[in-house]
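These protein sequence lines are chains U and P, in that order.
The first sequence runs 82 to 195 under this note's numbering.
The second sequence runs 46 to 155 under this note's numbering.
Treat the hints with caution; some may be incorrect.
Only part of the chain U face toward chain P is listed, based on derived beta-carbon distances under 10 angstroms [as the list claims (entries may be wrong)]:
#1 85
#2 87
#3 88
#4 112
#5 123
#6 125
#7 171
#8 172
#9 175
#10 177
#11 181
#12 184
#13 187
#14 189
#15 191
With beta-carbon atoms standing in for the labels, derived distance ranges [unchecked claim]:
#16 P:97 <-> U:161: 29 to 35 angstroms
#17 U:144 <-> P:64: 17 to 23 angstroms
#18 P:141 <-> U:108: 28 to 34 angstroms
#19 P:47 <-> U:103: 28 to 34 angstroms
#20 P:125 <-> U:93: 33 to 39 angstroms
#21 U:164 <-> P:100: 42 to 48 angstroms
#22 U:135 <-> P:58: 43 to 49 angstroms
#23 P:53 <-> U:99: 48 to 54 angstroms
#24 P:75 <-> U:163: 36 to 42 angstroms
Keep in mind that the hints were calculated from the coordinates and are not lab data.
Ideal Cβ positions, reconstructed from N, Cα and C, are used throughout, including at glycine.
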Amino acid sequence: NAGVTQTPKFRVLKTGQSMTLLCAQDMNHEYMYWYRQDPGMGLRLIHYSVGEGTTAKGEVPDGYNVSRLKKQNFLLGLESAAPSQTSVYFCASSYSPDSYYGYTFGSGTRLTVV
Amino acid sequence: TQLLEQSPQFLSIQEGENLTVYCNSSSVFSSLQWYRQEPGEGPVLLVTVVTGGEVKKLKRLTFQFGDARKDSSLHITAAQPGDTGLYLCAGGSGYSTLTFGKGTMLLVSP
Chain U
82 NAGVTQTPKF RVLKTGQSMT LLCAQDMNHE YMYWYRQDPG MGLRLIHYSV
132 GEGTTAKGEV PDGYNVSRLK KQNFLLGLES AAPSQTSVYF CASSYSPDSY
182 YGYTFGSGTR LTVV
Chain P
46 TQLLEQSPQF LSIQEGENLT VYCNSSSVFS SLQWYRQEPG EGPVLLVTVV
96 TGGEVKKLKR LTFQFGDARK DSSLHITAAQ PGDTGLYLCA GGSGYSTLTF
146 GKGTMLLVSP
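Okay, chain U solo, but in the shape it has when bound (with noise of 0.2 angstroms):
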């Protein structure tokens, strides 16, 4: 039972980097999402996509652009990364925005930006 995968599990950045972030679910959802989790400010919503070839902006967008080109994937990618942007990442995926059967995260990308 793969779920919800991510790749990769950490990562360490310089400042001005760039990197992209996957993520890959084999539950035929229509949404999934992208969250970063940093102390004491919670699961943040950066972008999600409500299905193939479209995505929508979250809560904390900026510095991140996001794409959804096969529906089973969604990539989240850092042009210049910053250590602002230095957390956890998960992303997640559900049958609709408010599921019954909730949100499938997976288990995370720890990112460091030095």
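Position chain P against the provided structure of chain U, taking the given hints into account.
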């Protein structure tokens, strides 16, 4: 903007004790979910409640949705070290994404 306030923020108890954590809002939600997140992992759904006044039990965990659908509580009976984790509530309101609380960190010591 809908907000969910969770209390307490942190709770440290001994094995066998009972506890209750709260999730409150000034907004009405159509559903309320509780998740548990263990260190190094993503949140995992425990329960969804959708009816005002609804009570659901999951072994030693009891979840209640307020009559006005603005608040919820999670009660754990005879806590065990395996209950340690971050408990998150999340409110649903139809077609928008879930609103998450900041969580209650629970530490149960043997």
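* Asked: Which of the numbered hints are not met once you compare them with the structure shown?
  -> 3, 16, 17, 18 and 23
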